[in-house]
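The chain contents come next:
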Amino acid sequence: MAEHAWILAAVPGIAFIVMAAFGRNLPRQGDWLAVLCAASIFALFFAVLANFLNLGESAWPVLNSIEWTAIGDFHLRMGIAVDPITIVMLAVITTVALMVNIFSVGYMKGEPRYWWYFAVLQLFVASMLMLVLADNLLLLYVAWELVGLSSFLLIGHYWERRSAVEAAKKAFITTRVGDVGLLIGIILFWDATGTFNILEITEYVEQGAIGDTRLFVTMMFILLGAMGKSAQLPFHVWLPDAMEGPTPVSALIHAATMVVAGVYLVARMLPVFELAGDALTVVLVVGLLTALFSGVVAFAQTDIKKVLAYSTVSQLGFMFVALGAGYVSAGMFHLFTHAFFKALLFLGAGAVIIGTHHHQEMGQLGGLWRKMPVTAATFLIGSLALAGLFPLAGFWSKDEILHAVEGVGSWAFFLLAIAAIMTAFYTTRLFVRTFLGKPQDEEVASHSREPGLVMTLPLVFLAFMSIVAGFFIFHGFGNALGFPGGFGEFLHGGKPFHVDWGLVGLSTALFVIGTFGGAWFYWNGRVDRSTVLAEWQPKVYEMIQRKFYFDDLYQFFIDRVVLGFSYLVSWFDRFAVNDTGVDGTASMTHYTGFLLKHLQTGRVPNYAMAIAVGVIALALVSLAVGG
Amino acid sequence: MTTEVLWWIFAVAIVAVSAGVVFARTVIHSAIFLILSLAGVGAMYLFLTIEFIALVQFLIYGGAVTVLILLALMLTRMASSGEPEPTTGVQAPFGALVALGLMATLIGVAVSTAWPGDLGQNAVAVSIETIGEAMFQDFGAPFMITGALLLVAFIGAIVIARQEDDE
Amino acid sequence: MDEAQGYVLLTALALPLVAAGVLLFVPGTQKMAARYFSAVIGAILLGLSVYVFLAYQASGEPLQMQLQWAWIENVGFLGENGISLHLGVDGISALLTLLTGVVAFAGTLIAWKLEYRAKDFFILFWILISGVYGTFFALDLFFFFFFYELAVVPLYMLIGIWGSTRKEYGAMKLTLMLVGGSVGIWIGIFAVVHEAGLGTFDLPTLWEAGQNGLISAGTQKLIFPFFVVGCGVLAGLWPLHTWSPDGHMSAPTSVSMVHAGVLMKLGAFGIIRLGIQLLPEGAEFWMPALLVLGTIGALYGAIAALTQRDFKLISGYSSVSHMGYVLIGLATLHVVGVSGAALQMFSHGVMTALVFLLIGSLYDQAHTRDLSDFGGIAKVMPLWVIAYVVAGLANVGLPGLSGFTAEFHIFVGTFKTYPVFGGLAILAAAIAAAYMLRMFGVVFFGPLNPRWRELKDLSPLETVSAVLLILSMLAMGLWWSPFTDRLANTVTNLPGVTG
Amino acid sequence: MVPMENYLVLSGIIFSLGVYGVLARRNAVLVLMSVELMLNAVSLNFVAFAAYLDPDKATGIVFAVFVIAVAAAEVGLALAIVIRLFRNRSTANVDEAATMRW
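Protein chains in written order, with my numbering: chain W, 55 to 681; chain L, 279 to 445; chain Z, 49 to 547; chain R, 55 to 156.
FYI, nobody ran anything at the bench for these hints, they're computed from the structure.
Misleading hints may appear alongside valid ones.
Said to hold, decoys possible - List time: in silico DSS-like cross-link candidates among lysine-lysine, alpha-carbon distance up to 30 Å: (1) Z/K79 <-> Z/K269; (2) Z/K269 <-> Z/K215; (3) Z/K79 <-> Z/K427; (4) W/K163 <-> W/K425; (5) W/K651 <-> Z/K427; (6) W/K163 <-> Z/K427; (7) Z/K504 <-> Z/K427; (8) Z/K215 <-> W/K163; (9) Z/K161 <-> Z/K215.
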């Protein structure tokens, strides 16, 4: 079964075609088909997993490929490779996809283009699965672009809203800039090794097939793609705007799966990164900066989805840090746990939005725990997992990352600890302001109620996962489920995990500082106390609120530089190339004609004179030539 | 010897009257000079002992064409207008230059080329029969076409010069 | 078998001419008769084209389905096979034949709604199509040029009579520039035939002469620019591209489709046939220059398209950009790059045909092409928008559609030979995303401008055409090997093209 | 006997005078008369060559006849045009008949 894991991608692919073509005419616009599809790939995943584990470590990675195209010496094979990293990704994608599909049935009820929403969701799942299954960079790139397309379509689902269209455009173009880098990197690899296959490339690089500088440059290009997709500084701008899309989409695409594709790519290529000089340090620095930066910005956001978005960016930064420190398992583990609790938080936010009839500004919420107990409870679990409460999922994975960074240097460790405190801080702020205290807008609160089972069940399931997912790190837990050991051992056969109680203490201390700081600030506060900062340091607050002017800077760059250049080129094309070059030739001809026409005097004697002169000239010429 | 003297006299006279045609101040004088010039060329044909063509020259040119020209002069009333305007156009000096250049070229070529043999060595031979045969046998088709041309020109002249009803 | 298939080519070439001849005798008032007749002809041609493409043996000799009828020989300086009607296809022309069949049929269906002098339109249209087929099939320099001109000249009337915005200007400029280019080609043809001294216009014979030194290297370098500039005008070579935005702006819908879809490819095809195949040494010498021009064109078109306000101008500049890719691919003289160029010809052909179809459909109703006049029309024209988005995404190079297949090959080939230019070419693809999405955002989405509440979606005929074109895009995007296999043998056998 | 050159020189002079007349004079009738001079010079040439080369065949002479015939036709037509011109524009001045220009 593992070698036929491509079926996982094929099922939603077919579902997409069916739903795009006939979805509108199906009963209930085909939402049952979407859920069925998600459920079946969830089930199929377990078949793949069982088979994969049965085959044993010696058979990994499981490969299967076919000849795709060939021109001369240029051969291209397409296929899948299933290894532990892939399995982790498959687990995340199939689980979250199923939850989101179920949740969407409730969330999207009565929304426009219901059928189209589900169809594109299947397209996304298909491409995302293809992305993680791909055994070669080209197929990965294909899937990479397709998930980008699905993301574009889903962000722009409410295209009647101008802001949604702008957000979709921004997401597509920003990631596209990164994709340019990725494609260049991929082709540079091919240029050096003659193959797109990731394993073969790794082998070639290990044999030293690519020179140091060149390898570094190539990896930087690859990293560019990863940064674009995973919204790392300075490509992070699209992700908060992407919250214009339906909330379940934010959970699936912009929290759990697509945005971690960059992390996945770096993890997948980590053996190559390790050989590429300082490339890993770049990864680490990018991750650190992102984690800190978005932690700060999240603190000044008032839209619950925006807070979550910046939190996601920040957590992706954590993952990059782990990878930059060279720890695949730490990065992947955080990816794994983060997927569950962040999907939970987003879906929880979705439940809030539905429950309050489309209110998502924290200033209008508050005190919801009474009205929506299930949502509040699950949201609390998710928040605590994100903040890193022992022994929830987020705690273990963050612990792993801190552990990983220890080896890099105290500065990195220190900065990451600050980022962890900020995580706890803004998470607390989010929860307190949304669910606790007194309702800040009675009108909103009075109409709020718990959404139906179809939406709360996924929340409960994900809350459960947020609690237990962290235990995968333990040897015994993994063994009991049939894995060769804990998460780290499964991923790259490392040593069994042992709890470092000192680090646990430190982590807990970070959590306590952040949480209590947040609680002290916002507990029962009718007023957002971040306004305290606004009064104390208005310039700093404004800078944070304006996201350190990144968006303004980009806007300026696009409006003034890019479009200005475009106007210049258009002008040049019209006036220089066309009006001067082409029409100029025409008018020169015209003008010459204008000058020469004056020879046509209309006076017979002039013509006669011309004839006579011509005859004499001809006679003289023929005399001179012919003798 | 006498022939040559006579020839020279005629040649000079032809040149003189031809010059008269183009330089005369009044058009009627030009016309009279033209008649003389045409007659002189006719005489040249006699020197060449080709009487037929000389006859044609006298008849058609000396008679018909000249009469036609005089008629035209009278119809356009230029003969008696006294010509207050200049008789030559602005490009007359250039015309003179070109004409002189042409003359130099023609004379130069004629003189510099060697003409062996003699002229009129077969003077006896050109009879009217020979010309007739040539005209009606060898050049039958052109002859007929020329006839057609004359007819067309004749009709055309009438049509063009006709007084129209509305004028 | 080979010659019997040659008659298929002859049929595809002669059928449009016959159709034009028959239409001459149809009274101008019988519009429906002319339409049905043309649709049938288009369908038959599509069938023949598909047959030619499928019957082309990927593993066989590069040149297949040859048919040779002697015409003028042993006269004057002409020797054996002096000028002969020599037809045949290689992998590249087989692919382009398919393109012609698809676009011509789609164009016929689109011309259905033409009311003004419909019959005369079809007559000229079929003459043009015949010229296109002829150019792709001809293996004789004389007939190559003959059909090339036959394809170009009817454009003047087609645009001048049935066009819109500034049609006289557009038609005049287009025709003069193309004919100017033809003069260069004609000079080059005579120079080559004279220099080879074989007394024949037969292309395979001359190709051999070009390779074995009968045409000296110096001459090749001298003549090559004539061919490339001559063909380059039609291929939208920068800076001789300016007929493209204006011409497309003026041309009626189905002419735009055929013109941008197929005719521009004649130019690039000419560069292969006359440049690379006939003058390999000249090609090697001049290709870096062509590469630079192609790259400039690709970037320049994309950047200029960013701020255009007219649909057709965007497509016109985008065509410049994409034909720039074709030239880049050819200039690499690398197997993958040249294959990519051929794929790009097909890809751009179907894609741009679809785009012009859609623009025409909108313009017929709205009578404006200014982007800022629109907004939110996805509400009233969902099919139209979906089709446009598909075309736009192919334009952007989204995997799964033909644009990616083609551009990927070009990029790979360019990186192997001139990495820096490869990077610039990829950058142009990123800019393509920007101008496409900008247009999507402004025109298709956002709140519906109430002025357009009455717009109608695609008509059934337009839908059929659009689906045909979209299927072609998907076919190449999803399943590469039927296309690349047919190109492989031809491209690897091109002189001077390295692996 | 008069040598051949003499005839050629004589006809050359007449012809050049005619050319001058055509180029310089303004009166249309006079221009026509100058044309007649040129035609005569040419006829003279024909006949002279006929006598010099092949008097048996009389080809040159026939040519001269044709020249005269065509000249007659030409004079007839041209004078008709002149009369027409005069009637329409009250002038026979060629410089003033300049409508057919740019």
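Here is how each hint holds up against the structure:
no., hint, verdict
1, Z/K79 <-> Z/K269, "52 Å, violated"
2, Z/K269 <-> Z/K215, "38 Å, violated"
3, Z/K79 <-> Z/K427, "34 Å, violated"
4, W/K163 <-> W/K425, "21 Å, holds"
5, W/K651 <-> Z/K427, "59 Å, violated"
6, W/K163 <-> Z/K427, "20 Å, holds"
7, Z/K504 <-> Z/K427, "11 Å, holds"
8, Z/K215 <-> W/K163, "51 Å, violated"
9, Z/K161 <-> Z/K215, "19 Å, holds"
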